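K.L.:
Here is how the chains run, residue by residue.
2 protein chains.
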Amino acid sequence: MSHGLPSQPAESFKARRRALASRLGSERAALVFSGVARPRNYPDNIYPFRPDSHFLYLTGAWIERAAILVDGDKDVLFMPPADPGDLIWHGPTPGWAEFKAGCGVDEIRDIAELEGYVRERGANTLATLPACDAVTRYGQGSMLGRSWAAPGTGVDLDAADGALADAMIGLRLIHDASALEMLRGAAAATVEAHLAGMAATRPGLRESDVRAAMERPILARDMSTAYGSIVTVHGEILHSHSYDHRVEDGDLLLADVGADNGGWAGDVTRTWPANGKFSPTQRTMYELVLASQEAAIAMLRPGVRYRDVHLAAGRVIAQGLVDEGILRGDVDNLMERGAQGLFFVHGLGHVIGLDVHDMEDLGDRAGYAPGRTRASQFGLCFLRLDRDLEAGMAVTIEPGFYQIPALLAEGSELTAPFDADGTLDRAALAKFADVRGIRIEDDVLITAEGSEVLTAAAPKQPEAVEALVGTAAGASA
Amino acid sequence: MSHGLPSQPAESFKARRRALASRLGSERAALVFSGVARPRNYPDNIYPFRPDSHFLYLTGAWIERAAILVDGDKDVLFMPPADPGDLIWHGPTPGWAEFKAGCGVDEIRDIAELEGYVRERGANTLATLPACDAVTRYGQGSMLGRSWAAPGTGVDLDAADGALADAMIGLRLIHDASALEMLRGAAAATVEAHLAGMAATRPGLRESDVRAAMERPILARDMSTAYGSIVTVHGEILHSHSYDHRVEDGDLLLADVGADNGGWAGDVTRTWPANGKFSPTQRTMYELVLASQEAAIAMLRPGVRYRDVHLAAGRVIAQGLVDEGILRGDVDNLMERGAQGLFFVHGLGHVIGLDVHDMEDLGDRAGYAPGRTRASQFGLCFLRLDRDLEAGMAVTIEPGFYQIPALLAEGSELTAPFDADGTLDRAALAKFADVRGIRIEDDVLITAEGSEVLTAAAPKQPEAVEALVGTAAGASA
Ligand SMILES: [Mn+2]
Ligand SMILES: [Mn+2]
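Sequences listed follow chains Z and Y, in order.
For the first sequence, UniProt numbering assigns the number 1 to the initial residue and increments by one for each residue that follows.
For the second sequence, UniProt numbering assigns the number 1 to the initial residue and increments by one for each residue that follows.
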């Protein structure tokens, strides 16, 4: 989509804006910007534009250089007027009247009037949020007489802006019916991508062939990917974004691919054997990760602290590694020392919504409940979510097992204490040399009764996965 | 690619840097930045990073936050040091020694030293170019004590920076052997996309299905698209970037899709009948556009002014419209009045290289020879290239015929004079209602003898196109 009306009823956006106004109180109006497209290499050649997620949440409108003002009972959408040249280059596009109806706002004004409006109303009566990109942030900041800390380096907001951030977080954490409809659409396309990927895989192909097979059904549904796909035979490279390795007989292929459905994210990881058959060692580790994931999902229900789910999933991994003789010792003690974090190095998951890591533009403010902060222990420090679950939240559950050479090298800082006292049995570990990296990830909705796996249709039982690999007609090298 | 060494020999980049130094003279050093990745919605979720094209041209290195300094005989690459955390998240990546050898530079320094280096050397001894994105431009400007006009609003450079721009333009306009190798790779993948698109097309699909089929082979080669694909049954919407129309029996499908091969662009347009058979009216107009394109290509050789090729291609269209009774009058006179521009509304093409519109980050400085400027006449004013051709240049040749409702509406400003004196025969035009838009585009290298069509393997003769449509096994709705 490049320029468009909301795909859902105006009422859903109106309801969100009223809920925001009531959370924010009548003292200040909320002003949320949509952002601008960014060039790849010159101004006319842009990356696909994606509006800011807060703006999308409140309007559903896919437009650049716009802002929504939520002022008590009144909503004003500021946007550019139609350019007559657009009719030649872009064809007929919806006009102001259609956006007024489609977004359910009271008034539409020219975005050029926003600066005067802000001056007149008094910038300090407006709460707003920094854009995720520095260009827009700089422009917003200079208009509003503010400076914001850069995202990614911690987020430091004025009190008013902080109140808006907290109100948005409160709303967006608990998905309404319209949000759920979009998430289900993203989940369906994401599942289809994984089915296509398994079917297309055969030794002899390159990772890029499998990636192309997976992204095709997403594009065919007129969606995009929600993040840079990971499709690799080196699953131990956690943020691998190259696709040039040959897929060899005996490799595991790890694919972390998700669809963006009108701005809403899917996020699924599956790991499958390139030749359609797990080796005994691969199967052992795969079943361990799967058991960890299933145990975690079984715990999900309102009131449960996500950090406890993370630790329980890690405990299953720790116990499994003890059972295989890779770790020695008492599981409680191993967990305390973070031994499982040598192999399950990242957090169990994150909230998911419009953003794949939802609201990460606000740093940990969305992922961590007030008063909670990141732990310092390796492994646990990477956990992105530490809240008590509530019905309507959506989270990912994505444990993994990885052998990262840099981490596990003999003499490495991290493993030294475990080598020193014999906790780590490297001979036992060496038997699993054909398991570089496994991750199994689903998107899960918290319900009043427990949970619902939104992406359950992507096979993950080992037999089901094996049965699918290489079944596509075009799965040739 | 996300982080990588040059894919071509160091010597080719070294030769370019020496040629740049010799063009620029010894007075000033050239400093060219690589740029930074930009977030989609939060800092960790970025658009695929693409280095600045000038930087890529001089180094071949695919790295963020880097700069190349070309100082007479000496080349220094400034880049970030390896982050130990990268080993965990990104796996082993090439280090400084490998970039030193791969890029053939004399020295590598920490990018953090650049600011001190600039201070010490004196900013006014460095020529540099504004980045295409405002974030990076702002950072560069403040470091160098400069302000640049925004790209897209005309480019206003200091004398020294202008000299660097002209030196880069002089080099990049004439493709060397390494450049040609990359362009040929881009062309091959682009051709494959069009073959796949034709084969996958059948009435009942959506435009997005065809787009997905076309982009798959590009992704499978571990490439990306060079620009936002246009795949539409509304070819008259020149910059259409939506893909949600149903492909109907009787529609023409226009696809303008190109591959990016390690930063180098392909750019091809084909138009084919959705049902595999041009209607008589579609075939007439298709053959007219093809005749225009072939006439233009036949003219290409060193010394020829591209604007004259544009006008000759327009003349073929004008004559054809007279033959069909759509335009009445003397062709010379019609051309003078720009009558053909009602239907062939854009320019014949542009230079192509690293950027699909090569060096458009420098405005018209690359496309227009010194002293030449845009015409004011509708149609001609959109021409992006007005230089005398030289061997080694690569250009696109892309005439078209479009019925744009907003332009052709009775009483529209543009058509009124042609309606008033009976030049435009709307009854004759009405017979071609099933031809909304046709464009045929190839990438052509200027050679000493004439020209070579780099993308000739994409079928364009009507019979060849018809024979391919709908032949893919998976071309079902
Ligand atoms: Mn995830
Ligand atoms: Mn073109």
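Any given hint could be a false lead.
What the hints assert, rightly or not - Computed far set for chain Z versus chain Y, every beta-carbon distance over 10 Å:
(1) G4
(2) P39
(3) R50
(4) D52
(5) R119
(6) A134
(7) G141
(8) D158
(9) G185
(10) E294
(11) R315
(12) Y368
(13) P405
(14) A433
(15) G450
Stated by the list, open to error - Taking CB as the label site, the calculated pair distances span:
(16) Z:G141 / Y:A123: 21 to 31 Å
(17) Z:G371 / Y:S142: 35 to 45 Å
(18) Y:G95 / Z:G170: 24 to 34 Å
(19) Y:G371 / Z:H245: 31 to 41 Å
(20) Y:S147 / Z:D434: 32 to 42 Å
(21) Z:T281 / Y:R119: 55 to 65 Å
(22) Z:G422 / Y:D86: 25 to 35 Å
(23) Z:D110 / Y:A149: 49 to 59 Å
(24) Y:G204 / Z:P92: 18 to 28 Å
(25) Y:D86 / Z:G170: 52 to 62 Å
Hints listed in this document are in silico derivations from the structure and should not be mistaken for laboratory results.
Since this is a predicted model, take the numbers as computed values, not measurements.
Yeah, the Cβ is synthetic: ideal placement off N, Cα and C, and Gly gets one too.
K.L.:
Should the hint that G141 (chain Z) and A123 (chain Y) are 21 to 31 Å apart at their CB atoms be regarded as holding?
P.N.:
holds (26 Å)
K.L.:
Are D110 (chain Z) and A149 (chain Y) spaced within 49 to 59 Å by their CB atoms?
P.N.:
violated (25 Å)
K.L.:
Given a hinted range of 18 to 28 Å, is it respected by the beta-carbon distance of G204 (chain Y) and P92 (chain Z)?
P.N.:
The hint (18 to 28 Å, Cβ to Cβ) holds, given that G204 (chain Y) and P92 (chain Z) are roughly 24 Å apart.
K.L.:
Starting from the range 31 to 41 Å, see whether the pair G371 (chain Y) and H245 (chain Z) falls in it by beta-carbon distance.
P.N.:
violated (52 Å)
K.L.:
Once the closest CB in chain Y is found, is it more than 10 Å from A134 (chain Z)?
P.N.:
violated (4 Å)
K.L.:
Hey, is R315 (chain Z) genuinely clear of chain Y, shortest beta carbon separation above 10 Å?
P.N.:
holds (22 Å)
K.L.:
Taking 10 Å as the cut and beta carbons as the points, is G450 (chain Z) off the interface with chain Y?
P.N.:
G450 (chain Z) clear of chain Y: closest Cβ-Cβ about 29 Å, beyond 10 Å.
K.L.:
Against chain Y, does R50 (chain Z) keep a CB gap of more than 10 Å to every residue?
P.N.:
violated (5 Å)
K.L.:
Per the stated criterion, does the least C-beta distance between P39 (chain Z) and chain Y lie above 10 Å, as a non-interface residue requires?
P.N.:
Given a closest Cβ separation of 5 Å, the condition is violated.
K.L.:
Regarding the assertion that Y368 (chain Z) does not contact chain Y, is the least Cβ-Cβ distance greater than 10 Å?
P.N.:
holds (15 Å)
K.L.:
Range first: 52 to 62 Å. Now tell me if the beta carbons of D86 (chain Y) and G170 (chain Z) are that far apart.
P.N.:
Because 36 Å falls outside the window, the suggested range is violated.
K.L.:
Could you check the hint for me, namely that S147 (chain Y) and D434 (chain Z) are 32 to 42 Å apart, CB to CB?
P.N.:
Violated, at about 57 Å.
Hint compliance for this structure: hints 1, 2, 3, 4, 6, 13, 18, 19, 20, 23, 25 are broken, all remaining hints hold.
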